[in-house]
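**Student:** Chain by chain, the residues:
2 protein chains.
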Amino acid sequence: MTPNVLAGPGFFGGMFEVPCGYNKPVLVSSCDGVGTKLRIASAMGKHDTVGIDIVNHSVNDILTCGATPLFFLDYIAMGKLDPVLIAEVVKGLSTACQQVGCALIGGETAEMPGLYHGNDYDLAGFIVGIVEKDDILNGQSIKPGDAVLGLPSTGLHTNGYSLARRVLGETASAMIMRYPILTGSVGEALITPHRSYLADLKPVLTEIKGLAHITGGGFTDNIPRTLPPGTAVHITKGAWEVLPIFELIQELGNVADAEMYRVFNMGIGMVIVAEPAKVPSLLKSMPEAKVIGEVTADKGLGRVTID
Amino acid sequence: MTPNVLAGPGFFGGMFEVPCGYNKPVLVSSCDGVGTKLRIASAMGKHDTVGIDIVNHSVNDILTCGATPLFFLDYIAMGKLDPVLIAEVVKGLSTACQQVGCALIGGETAEMPGLYHGNDYDLAGFIVGIVEKDDILNGQSIKPGDAVLGLPSTGLHTNGYSLARRVLGETASAMIMRYPILTGSVGEALITPHRSYLADLKPVLTEIKGLAHITGGGFTDNIPRTLPPGTAVHITKGAWEVLPIFELIQELGNVADAEMYRVFNMGIGMVIVAEPAKVPSLLKSMPEAKVIGEVTADKGLGRVTID
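Taken in sequence, the protein lines are chains B and W.
Here our numbering is used: the first sequence runs in plain steps of one and ends on residue 433.
Here our numbering is used: the second sequence runs in plain steps of one and ends on residue 433.
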């Protein structure tokens with residue numbers, strides 16, 4: 127796929143030549159799992175998208191530092207290896223890696239009878255990306271008055287499935303349920319893969335001040351990671367359309383607003399902080415983006431307020 | 127631990143500056159799990175060594191390409207997080223990383239109720255190391271007449287536990303069994319951590335032609351990975367002392383010799399190929415090493431013959 131991948135060493139890994147053109151190359155790595163979204167995949171018997179989830183989740187994680195993905199390794203573990211199921215999982219991994227220009231360089235498929243039961247499996251991923259040291263995005267220049275933009279998510283992405291499963295169920299019959307608010311079934315809404323924001327954000331990385339990937343912990347826990355001390359973010363409800371699946375979960379589960387924004391991305395998968403003067407060109411470059419709030423001084427009311 | 131580790135980005139990963147001094151730096155990565163050695167740890171209620179296993183396994187894997195470890199990430203998954211157990215696992219990871227000068231840069235601890243039961247957990251690791259492109263060990267210069275050396279293992283390392291458990295059991299009471307041939311209990315022999323060969327081999331990497339880390343697949347599957355076409359290796363039985371735990375498994379399980387050498391390391395955890403003229407200085411530098419065989423022409427009798 128890329129000339130940087132060298133002939134394999136024969137173990138479950140790989141060799142990748144550091145790309146030229148970096149003065150002070152910094153490797154950015156992340157490790158994560160798909161979590162209990164796997165139970166949705168199992169209930170639906172659909173395993174070709176969870177690989178997309180873990181790759182795109184990982185790509186977005188390192189993107190918050192300004193990093194471009196280089197290579198990815200996967201870890202799949204089952205009680206008894208099911209070659210058909212594993213081929214589906216790998217198809218998802220492979221598709222997503224191709225789409226983001228990342229080499230699927232290796233991985234381990236572990237058979238562990240007794241630990242995993244039936245067709246249960248776990249899937250984790252490891253990514254390594256690269257960024258020029260002076261170009262690392264760290265949010266340090268963020269100040270009150272800066273604009274907060276959001277890029278839409280495709281659904282729950284890879285987080286909030288414990289609450290979602292509690293409200294909507296996790297059986298095969300729960301997955302085929304339909305509600306007027308959804309265009310498809312519950313299962314289709316829940317299995318929708320995590321999207322990557324690399325293509326949207328790569329062209330504008332030098333134009334922005336900070337990024338927050340809205341994963342576990344929702345708005346409340348993820349946005350503060352990119353904020354310097356003394357600053358907070360105010361998010362304006364109604365500035366974007368909350369996805370129907372979240373409205374359904376909130377209504378059926380009678381979940382408080384604060385909890386919804388702490389658990390789910392609510393339709394915004396990536397939050398961008400930029401100076402106000404950059405907003406017009408950012409909106410032009412990323413037509414899906416919306417201004418969803420602004421940076422304020424931290425008045426001790428919480429780093430993220432939403433109303 | 128190292129100045130190359132940059133301030134964390136706030137997600138479960140990390141940033142690591144590529145070390146200076148490389149002309150064409152190549153990243154060597156590997157992903158692996160501890161496998162069913164975890165069941166031995168559970169039976170013994172001893173979780174502070176499995177971290178050592180996965181780190182050293184990974185370090186040895188990338189060492190076969192000539193790579194020095196840079197950083198490591200772990201993936202731990204449980205049904206319900208047990209902070210005491212996880213602290214023990216991380217202690218092992220951390221100790222081993224320190225010993226090999228590798229930064230434990232991040233990781234993910236996933237709670238997945240329903241997938242893992244009771245105190246069951248899975249542990250996988252991901253390592254990235256570095257090697258100068260021109261210094262990659264690839265065995266290409268290996269030719270008939272070259273010497274084959276071995277460095278001793280500490281036990282099963284991280285492979286062969288399915289067979290070992292079948293023969294010796296995997297209950298707490300099986301673990302406290304004692305046999306005259308063993309100095310300690312069965313559990314003590316089985317839980318002994320995988321050792322790293324980095325300190326032994328780093329000083330002599332330019333003196334050798336190829337390395338094979340004896341993991342799953344034993345001698346039979348691992349040695350050919352470092353051999354160029356047309357060559358084979360003959361291993362001389364009796365050239366080293368087979369560890370008592372392997373003798374016990376073979377005797378109790380009535381396992382054929384060929385199977386033993388295909389499943390286990392039999393007391394040799396790393397195989398080194400070098401030209402005969404280098405052997406005296408290699409043995410001086412690595413007093414534990416032994417000449418255990420030689421490279422021959424491949425006569426179609428198998429890439430690895432043992433007798």
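By construction, these hints were calculated from the structure, which means they are not laboratory data.
Each hint should be verified, as a subset may be incorrect.
Same chains, same names: a pair is fine if it fits in one copy or spans any two.
Think about it this way: if two alpha-carbon atoms lie no more than 25 Å apart in a straight line, the pair counts; the simulated SDA-like pairs of lysine to any residue are [unchecked claim]:
#, residue 1, residue 2
1, K404, V381
2, K410, P270
3, K328, N264
4, K206, A325
5, K217, D246
6, K328, N245
7, K363, A382
8, K410, G343
9, K404, E237
10, K259, N149
11, K217, V381
12, K172, R292
13, K206, G342
14, K269, Q224
15, K259, G227
16, K363, D347
17, K150, E385
18, K259, M170
19, K269, V368
20, K259, E143
**Student:** All hints are to be evaluated individually against the structure, with a verdict given for each.
**Tutor:** For each hint, the structure was consulted:
no.	hint	in the structure
1	K404 to V381	neither (36 Å within a copy, 71 Å between copies)
2	K410 to P270	within (23 Å within a copy, 65 Å between copies)
3	K328 to N264	within (15 Å within a copy, 36 Å between copies)
4	K206 to A325	neither (38 Å within a copy, 37 Å between copies)
5	K217 to D246	within (18 Å within a copy, 29 Å between copies)
6	K328 to N245	neither (38 Å within a copy, 43 Å between copies)
7	K363 to A382	within (14 Å within a copy, 70 Å between copies)
8	K410 to G343	neither (30 Å within a copy, 56 Å between copies)
9	K404 to E237	neither (51 Å within a copy, 40 Å between copies)
10	K259 to N149	both (8 Å within a copy, 18 Å between copies)
11	K217 to V381	neither (36 Å within a copy, 39 Å between copies)
12	K172 to R292	within (20 Å within a copy, 34 Å between copies)
13	K206 to G342	between (30 Å within a copy, 17 Å between copies)
14	K269 to Q224	neither (37 Å within a copy, 39 Å between copies)
15	K259 to G227	both (21 Å within a copy, 22 Å between copies)
16	K363 to D347	within (17 Å within a copy, 60 Å between copies)
17	K150 to E385	neither (42 Å within a copy, 50 Å between copies)
18	K259 to M170	neither (44 Å within a copy, 46 Å between copies)
19	K269 to V368	neither (27 Å within a copy, 66 Å between copies)
20	K259 to E143	both (18 Å within a copy, 8 Å between copies)
Consistency note: the structure conflicts with the earlier hints numbered 1, 4, 6, 8, 9, 11, 14, 17, 18 and 19.
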